[in-house]
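The lines below spell out each chain.
Number of protein chains: 2
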Amino acid sequence: MKPLVFNNTVLRDGHQSLAATRMTTAQMLPAAAPLDALGFGALETWGGATIDSCLRFLNENPFTRLDQLKAAAPRTPHMMLLRGQNIVQYTSFPDDVVETFVRCSAKHGMDVFRVFDALNDARNLRTAIRSVKAAGKHAQGAICYTTSPVHTPEKLAALADELVAMECDSICIKDMAGLLSPRITYDLVKTIKSRHTLPIVVHSHETAGLALASYMAAIDAGADAVDTSVTPFANGTGQPDTVRMQAALAGHPRETHYDPRALFELRKYFEGVAAELTKFMSPANDRVDSDALCYQVPGGMLSNFRTQLVEMKMADRFNDVMAEVPVVREALGWIPLVTPTSQIVGTQAMLNVKFGRWKNLAQATIDIALGKYGRPPGPIKPEVLALARKQSGQEPVTGRPADLLAPRMPALREELATKKIPPTDENAVLFAMFPRETEAFYHPKAAAPAPVVVTPVAAGNASLNPPPFTGKISRYALTVDERRYETSVEVIN
Amino acid sequence: MKPLVFNNTVLRDGHQSLAATRMTTAQMLPAAAPLDALGFGALETWGGATIDSCLRFLNENPFTRLDQLKAAAPRTPHMMLLRGQNIVQYTSFPDDVVETFVRCSAKHGMDVFRVFDALNDARNLRTAIRSVKAAGKHAQGAICYTTSPVHTPEKLAALADELVAMECDSICIKDMAGLLSPRITYDLVKTIKSRHTLPIVVHSHETAGLALASYMAAIDAGADAVDTSVTPFANGTGQPDTVRMQAALAGHPRETHYDPRALFELRKYFEGVAAELTKFMSPANDRVDSDALCYQVPGGMLSNFRTQLVEMKMADRFNDVMAEVPVVREALGWIPLVTPTSQIVGTQAMLNVKFGRWKNLAQATIDIALGKYGRPPGPIKPEVLALARKQSGQEPVTGRPADLLAPRMPALREELATKKIPPTDENAVLFAMFPRETEAFYHPKAAAPAPVVVTPVAAGNASLNPPPFTGKISRYALTVDERRYETSVEVIN
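Chains A and B are the protein sequences, given in the same order.
Quick note, in the working numbering, the first sequence goes up one by one and the last residue is 493.
Quick note, in the working numbering, the second sequence goes up one by one and the last residue is 1493.
Bound conformation, chain A alone (with noise of 0.2 Å):
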């Protein structure tokens, strides 16, 4: 019986996940060992929406945690996600700016890059992909799964076929909503495996509460790996988490051996470092989320769909929203809801339900219909593509979009001279996605403030630390539950 390994993500998936990427470098040292000494499959370190976070909110150079994190975790190959043709940002880049930053990431250690498209468009991973075959690393591609009628077993399995065909190490069937079911679940695997002897990895959510069943489908399919967590950054709107994932598998014929008093120890500190984060963890965001399977939607689209009608006084039209998506979904190819394209769908059904269907295209729309993401799994629907042509007076990208990007290495490192900003390859590709945040990261415009460490004064109840009483408005720090929140408070009558 083959062994099956599972993967940790608590550096990366985990705190994005669950605590809005907010995990700090000096939070995640001290765990850096003990997960290295733990023998997972990889360590998912990196990549992401992590390189966004350390630039934006935690004032860190990201190749920096990279180096530091390798050092601490030396034996363990370390893994990140990579979006292709996006890098770790939302549009495309120019090849060489993709070549530089795959490169640039292997030199600082990275070994194992899991590389999607959202679109499932699989000319978007293809320089990514060489570039770390270049780099001699590991190339894994991704599947992203959606359900819609075009997301049938044996198309993402065709995907797969790509993948080998671009010469990729493992394949990773990424379920980013938590939407796989352990029928179909075993069915993709065993399709894949029935083709292919390469590794396959599973990734989801447990944010509909099936992530876990679909794990122990997708191991009695002969699935290679899992990707598991540690709580508190698990579970919920994460992966499940190691102990578990482990439990679950008692008896079985693969069963795992992590150790588990380091798994306790590892959890005990994870609840430390997210008492310190307490501001960014949702109250909910680690339970059974079945709006999900309810809507057919990644949940958290229907919180923020629930603010934008607030916002556009249009809260009373919730159902007919809900009933649109679909509809935008379909003429736009059955794009997967995934970040973007979930905001992409929503909002353009909140705007065919205000303004009539396809009344009032959005921008996002008409770039999407005219190819500029990529290939859609579907066709786009004739009537919205012609609007699309009339309103941009541009025709549809039919190539791979990033074949129309001008190389931007030389101009970078220019720029990055003229800024003042040591003008190496890392610089520059973080420059390329993240320019603000990267000339503040070199010239901050004033110190930067403190990192906020909240320690939660009193658990169980609520407590209340009250300034004393001395105007109309009055701030409090309140905590509640081990959750801080900074209110204040106006008497108005």
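In short, the hints are calculated from the structure, not lab data.
Using N, Cα and C, we set each Cβ at its ideal position, and we do this for glycine too.
Label-pair distances were calculated between CB atoms; the ranges are:
| no. | chain 1 | residue 1 | chain 2 | residue 2 | range |
| --- | --- | --- | --- | --- | --- |
| 1 | B | G1393 | A | Y269 | 43 to 53 Å |
| 2 | A | A37 | B | L1405 | 53 to 63 Å |
| 3 | A | Y269 | B | K1107 | 57 to 67 Å |
| 4 | B | F1355 | A | Y269 | 25 to 35 Å |
| 5 | B | K1107 | A | K354 | 55 to 65 Å |
| 6 | A | G272 | B | F1355 | 29 to 39 Å |
With chain A held as given, fit chain B onto it using these hints.
For chain B alone, coordinates are given in the frame of chain A:
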């Protein structure tokens, strides 16, 4: 392929597990007809702690509740949880009281009696099962699942043989602590199915986040039914929610087809009920609790433990006490850790750590050792048995504990008459179990307090409704993320 059915537990275990059994009949009735129309295998509507709660907290006659629910949901069989010789209490009752209770329940419309004994001592089930059969109703014998060296699938399946010999109509695998893993579930169901043809129901809790995956394994092994509930009285310490369980079966040969729209409406309804029961819903009790997996004890036991250790000024001995738990459990014949045995084991573990092992035996420990609760799964440690005999001056009970109890029905009727309570069979059995509460129900000393209904005043963020700040101590009603906290604030400097 044999059809799969779901039972629905929202009206009993759903709120017992997630809202301290506080759902009122008035809150249940609007949901009864929609639940009835969904076509569940059974609706669990009564028994367990609900009868105690009706009398103690809700000022309701439990039999009136049953009458009303039965009238409102006449189509689906009603199911109750019965603690064998303990009826719905914690100690043994004479056979005539058990018989009368079952006869009254059947008369008021109960259809399916799920009968269990915490020690899995079949002798404690005999009278109840015989009474159910005599009333022409469905007797479902339950096997309590727990983990220990003596709780092998073969030993547990042997209890199934006894249940079949007692002419049970079906068998329930009852996993109170949510410790079943998929593989063990599969083996257990397969083992029983290989010997018997009667239907098997699996009942678990998501406490450790394994229930849904274990249900999937049970279904693959041929189980006939699983217990589900309705969000927000589902998941966490409760059963998996119906929508989620059905989603997990998508594409499965035995997939179910409960109306998603009706389920969604029910969920919306019960969200309103949960808002009314906010003060009884623990903020964290619908989350995955891997404590249960780390310590191999039920989640609820740990929070009690921590509180008790603080009270006993032993908070620093937590790990010692946890390490002592399996020692005590083994000495008491590996009794399952369920209320009340979890408290008995926990208390003895604390006493052992505080005073030295077996230096101070609690009365309940002595009773367990002497067989007063029934026959434990394994042998009592001779040293502990000798101490129990010496300290109590009593010999062990080797027969069925209830054989030592004289009939009580005539005396109970007399006592009711003396107390001016209508001397019906219904009142007699309630009075036998809950004398003070039954008397208070008929002769309230003061008007019953109005039920507390907490209406959330804001969602999403903290809000404060402060009274004018007039003195040193001020009371605030705090609503944070839809939870209301009544607090007082004292300015101390």
